[in-house]
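Participant: Build out the structure end to end from the sequences listed, making use of the hints.
2 protein chains.
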Amino acid sequence: MRRSVTRRSRREFIHQVGVAAITAPVAASLITSAHAQEDKRLGFALVGLGSLSTNQIAPALQKTKHCRLAGIVTGTPAKEQAWADKYNIPRKNIYNYENFDRVADNPDIDVVYVVLPNAMHGEYTIRAARAGKHVLCEKPMEVSVKKCEQMIEACKKANRKLAIGYRCQFVPHHVEAIRLAREKVFGDVKLIEASFGFRIGDPNQWRLKRALAGGGALMDVGIYALQGARYISGEEPVEVFASETKTDTVKFEEVDESILWSMRFPSGVMANCGTSYLVGGMNRLFAAAEKGWFQLDPAYSYSGIQGKTNRGLMEFPQVDHFATEMDDFALCIKNNKPTKVPGEEGLRDVKIMTAIYESIRKGRPVKLG
Amino acid sequence: MRRSVTRRSRREFIHQVGVAAITAPVAASLITSAHAQEDKRLGFALVGLGSLSTNQIAPALQKTKHCRLAGIVTGTPAKEQAWADKYNIPRKNIYNYENFDRVADNPDIDVVYVVLPNAMHGEYTIRAARAGKHVLCEKPMEVSVKKCEQMIEACKKANRKLAIGYRCQFVPHHVEAIRLAREKVFGDVKLIEASFGFRIGDPNQWRLKRALAGGGALMDVGIYALQGARYISGEEPVEVFASETKTDTVKFEEVDESILWSMRFPSGVMANCGTSYLVGGMNRLFAAAEKGWFQLDPAYSYSGIQGKTNRGLMEFPQVDHFATEMDDFALCIKNNKPTKVPGEEGLRDVKIMTAIYESIRKGRPVKLG
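Just so you know, the protein sequences line up as chains A and B, in that order.
Letter 220 of the first sequence, counting from 1, is numbered 434 in the working numbering, and no numbers are missing.
Letter 3 of the second sequence, counting from 1, is numbered 217 in the working numbering, and no numbers are missing.
Bear in mind the hints are in silico, worked out from the structure with no lab data behind them.
Cβ atoms here follow ideal geometry from the backbone N, Cα and C, with glycine treated the same way.
Mixed in with the good hints there might be a few duds.
Pairs of lysine-lysine residues, derived as PhoX-like cross-links and limited to a Cα-Cα distance of at most 25 angstroms, are as follows [unchecked claim]:
#1 B:K576 / B:K423
#2 A:K505 / B:K465
#3 B:K254 / B:K277
#4 B:K398 / A:K465
#5 A:K576 / B:K581
#6 B:K581 / A:K581
#7 A:K370 / A:K551
#8 A:K548 / A:K277
#9 A:K423 / B:K505
#10 B:K460 / A:K505
#11 A:K465 / A:K576
#12 A:K279 / A:K548
#13 A:K522 / B:K254
#14 B:K460 / B:K277
#15 A:K398 / B:K551
#16 B:K398 / A:K460
Partner residues aside, some chain B positions facing chain A, computed with beta carbon under 10 angstroms [as the list claims (entries may be wrong)]:
#17 A333
#18 F400
#19 D402
#20 E407
#21 A456
#22 S476
#23 V483
#24 S490
#25 V493
#26 E504
#27 Y516
Facilitator: Have a look at this one:
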């Protein structure tokens, strides 16, 4: 424990002054010490070892500059040894859902990355914050506005940072699209079209259970189109109107299958959005501005994002979305700077998605405060 | 007059029996006679010599197999000689808006193509029908449901054919998209995205005057997206919801600038559509089906249509849209077969556009009967 306190204290020092403010001799001492070198990387613990953790996040951690896969939290004992072997994770950094709170005493873990089913995000974010850990939480933030507010409150109270896993905001093509909009490179953006859908497989997965997912296509992938419309417009919608269609009432008994919705923004910008668990091919973020247009298509895949404008192709490097997202959060923590994807950002999307569902139920537009 | 009656009678004979039913000797006599050869092409008179007639339709007539530019109707005397010289149009086939009805006595004119501002379509379609001419009328059919109904009635009463200038329905890429939908090549289409917009130029043109245009972007180019959603779904919408935005309230004082709307179809198919006179770049018809998707982009330009599916590019020849459209109508007349773009088709779109405007005024979804 004594050693952990020392390490924590050092890190706290770095947090407080910011990396840029570290004096040259201090920086040199950090670099020359092998221990300090490892110390520069923040230890991430993944909570939930489903396909996203297995196929995307754990491999991505190996590509980060400022993070390392330090621990895991799983309810499946069989996964413990396999992950320990593959990623050289010490026994003491492996938790299950019962003993997870003991992570408070583990100085190897700086950040808890919550990769659980949506309806478990709140509980594990709050437990992680109470354990003194920063939290990166997958989207959607939670399944209700109230839960999101509790998560924000818990992290604030623990003085820990909370970020939502909006990986696209760290992808160069999306960053460029946001720049084109903000800098009015083609004048003011007026109309946005954004949609993301895919044909979901396994009918037994948690994404199709309301108790675990909270909703269907909208909460899982429609949220990317919602995010896109919001960060391209740079505004918050004042009205939404949505319609739902459901063909496969067995597979999609509990959650939404396909939704189209529109949003009005204060300046008059309008967006048409769509999402689906039934049909693929929708994977696009398009903006029409006064003097031109820009588009990402595919926009939201894990890789292979392509962008173009009326002037030609967007030439940007492909990056590992999750690695970039995690490195950004690590630097926010190290430098004590705000993340651009805080809990408040996740809360806004959940509020809007709640209004989208309300619009479907009521069959009319719903105003947003 | 005697000669004209003879010619008319011969044509009427062909109409009645249909070209396919003509006996071999009769067909041979038609082919071997030089007079008959010319007679095979139907004489078109263009009413309204604006940019569409000048830059698209008249040149397209030169590329047709079954039509010829036989006459013009213009209110601008200066255009008469220029067109007469350029297209070798005899003086007797040149009309103005006052003496247009005398076309009844002109056997050179078989079809009147109405290329006037929208709010004049009804009057000239009805006058042409009463003069015994078949009518091809540009889209939108008219600016009110009532006018459309009067046009259909007039053509029916005169036993003349009426087609609306929905050129895209004759473009191979659109024909293929319709085939993919009807034959369920990728299973049932579930979601459609369709939008068409451009940044309109000259602020003094008739398209921006309510009295002449009836509406703005929606009636002029949004109608392509509406058509697309209808012929891909193969159904009629039962509900529409629309929102409008207007930034330039001077230029667009009288007509709509940008509209996004959604439509629900009886089977559960949904469509998100958009149109704009303010911003370009929207020129797309996309359909997501159960096992794949297909898309045209650009979809509605006069040339250069491109299509692709999740399997790859659509490889189809580029055609002159107007030439193909006019040849189809000529063959419908010659063979006395129904056109796939009759007045009833134009009426449906005007009904739906009327509901779209109603939805904007009322701020709520509008049901369609």
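Participant: The structure should be examined with respect to each hint, and the outcome stated for every one.
Facilitator: A quick look at each hint next to the structure:
1. B:K576 / B:K423: This hinted pair holds, its Cα atoms lying about 23 angstroms apart.
2. A:K505 / B:K465: holds, 16 angstroms
3. B:K254 / B:K277: holds, 15 angstroms
4. B:K398 / A:K465: Distance ~21 angstroms between B:K398 and A:K465 Cα, so the pair holds.
5. A:K576 / B:K581: Status holds; Cα separation ~15 angstroms.
6. B:K581 / A:K581: holds, 21 angstroms
7. A:K370 / A:K551: Holds, because 14 angstroms separates the two Cα atoms, which is no more than 25 angstroms.
8. A:K548 / A:K277: Cα-Cα ~18 angstroms, so holds.
9. A:K423 / B:K505: holds, 23 angstroms
10. B:K460 / A:K505: Cα-Cα ~16 angstroms, so holds.
11. A:K465 / A:K576: holds, 24 angstroms
12. A:K279 / A:K548: holds, 13 angstroms
13. A:K522 / B:K254: violated, 48 angstroms
14. B:K460 / B:K277: violated, 40 angstroms
15. A:K398 / B:K551: violated, 53 angstroms
16. B:K398 / A:K460: holds, 18 angstroms
17. A333: violated, 27 angstroms
18. F400: holds, 9 angstroms
19. D402: Holds, because the Cβ-Cβ distance from B:D402 to chain A comes to roughly 8 angstroms (cut-off 10 angstroms).
20. E407: holds, 7 angstroms
21. A456: holds, 9 angstroms
22. S476: Since the shortest Cβ distance to chain A is 6 angstroms, the answer is holds.
23. V483: Check passed: Cβ of B:V483 comes within 7 angstroms of chain A, closer than 10 angstroms.
24. S490: Given a least distance of 6 angstroms, the restraint on B:S490 holds.
25. V493: This hint holds: B:V493 lies near chain A, its Cβ roughly 4 angstroms from the closest one there, short of 10 angstroms.
26. E504: holds, 6 angstroms
27. Y516: violated, 18 angstroms
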